[in-house]
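Peer 1: These protein sequence lines map, in sequence, to chains A and B.
Each residue of the first sequence is one higher than the one before, counting from 1 in my numbering.
Each residue of the second sequence is one higher than the one before, counting from 1 in my numbering.
Hint data in this document are derived by calculation from the structure and do not stem from the laboratory.
Incorrect hints may appear among the rest.
Pairs of lysine to any residue, SDA-like flavour, derived with a Cα cap of 25 Å [claimed, not checked]:
no.	chain 1	residue 1	chain 2	residue 2
1	A	LYS54	B	ASP130
2	A	LYS69	B	GLU90
3	B	LYS2	A	TRP97
4	B	LYS25	A	MET41
5	B	LYS70	B	PRO105
A short, non-exhaustive set of chain B residues, derived as facing chain A with CB atoms under 10 Å [to be verified]:
no.	residue
6	HIS32
7	VAL127
8	PHE128
Don't be surprised by glycine CBs; every beta carbon is placed ideally from N, CA and C.
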Amino acid sequence: MSILHIVNKSPYERNSVALAVDYMRDGDTLLLIEDAVYTVMQGGKAASIIDGQKAVVLGPDLAARGIAKEKMIDGVEVVDYAGFVDLVEASDKTQSWL
Amino acid sequence: MKLTVQVNEGPYQHQASDSAYHFTKAALEKGHEIFRVFFYHDGVNNGTRLTTPPQDDRNVVARWSELAEKHDLDLVICVAAAQRRGIVDEGEAERNGKDATNIAPGFRISGLGQLIEGGIQSDRLVVFGD
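Isolated chain A, as found in the complex (with noise of 0.2 Å):
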C-alpha cells in the first residue's frame, strides 16, 4: 500500500510538510505543490526537513515562485502536471495535507 502524500502550504507558514513526512512509509512518495515548493530552496532552514525523503516537486509552481532549478536542494526530482498525474497513477492512494 503506496500513498502519495501530496502537501500545499510552505514549511515557513505551517508544519504540514513535517507531518506527512512524520507520516510516510517505505514506498510512500512526497509531492510538494504550491506554496509547499519552498521547502526545496537551497540554504532554506526547511530544506532538512525531507532530507532522505522521495520527494517530488511541481515544476510550474517551482517557476511560479521564482525558484530556480539551480537554486534547488539535490535530490528532489521536478515534474509537470503529466508527472503528477503519474505519480497519481503509482501510488495506491492519495492524502492531500490541507
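Got chain A sorted already, so can you dock chain B onto it with the hints?
Peer 2: For chain B alone, kept in the frame of chain A given last:
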C-alpha cells in the same frame, strides 16, 4: 485510471482551483477518465457564470466550462454549500423562491452523495484545497 477530483476553494482566492484544473487537463490529455469533479465549500464559487475577470487574466469559471464541454465532464456543485453562497440553477431557484440563476454551463448542483460515489467508483480521489 478513473479519477474523481475535489475542489474546496473558490477562484482567484487560492491556487486550489488552478491546480485542480491543470491536473484534470493533464489527466485527460494522458487518456485517463475523469469520473467527476466535485466542488465543495467555497469551491462552489467556481460555478457562477456571472464572473467577469479582466480580459488579460485567466477566466477560471469559463475554463472549467470549456473543459467540461470538450470532454463531457461531470462538474458537480455541492447543494448545501451552493445554497449558503448563492449558486443557483433552475431547480434551486424554483425550490427556494429565487428570482435568478447563475450556474455556469457544464455545472450541475447535487448532493454530497455524489462525492462519496466518486470516491467509490474511481481508482483515485485527489483533493485540492487550502
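Peer 1: Does each hint hold? Answer for all of them.
Peer 2: Outcome of the hint check:
Simply put, A:LYS54 and B:ASP130 have alpha-carbon atoms about 23 Å apart, close enough for the 25 Å limit, and the pair holds. Between A:LYS69 and B:GLU90 the alpha-carbon distance is near 50 Å, which puts this suggested pair outside the 25 Å criterion. With a C-alpha separation of about 22 Å, the suggested pairing of B:LYS2 with A:TRP97 holds against the 25 Å cut-off. Distance restraint check for B:LYS25 and A:MET41: the Cα-Cα separation of roughly 28 Å exceeds the 25 Å cut-off, and the hinted pair is therefore not satisfied.
A distance of roughly 12 Å separates the Cα atoms of B:LYS70 and B:PRO105; the hinted pair therefore holds under the 25 Å criterion. The interface hint given for B:HIS32 holds, since its Cβ lies 7 Å from the closest Cβ of chain A, which is under the 10 Å cut-off. The interface hint given for B:VAL127 holds, since its Cβ lies 4 Å from the closest Cβ of chain A, which is under the 10 Å cut-off. A hinted interface residue such as B:PHE128 counts as satisfied when its beta carbon comes closer than 10 Å to some beta carbon of chain A; here the least separation is about 7 Å, so the hint holds.
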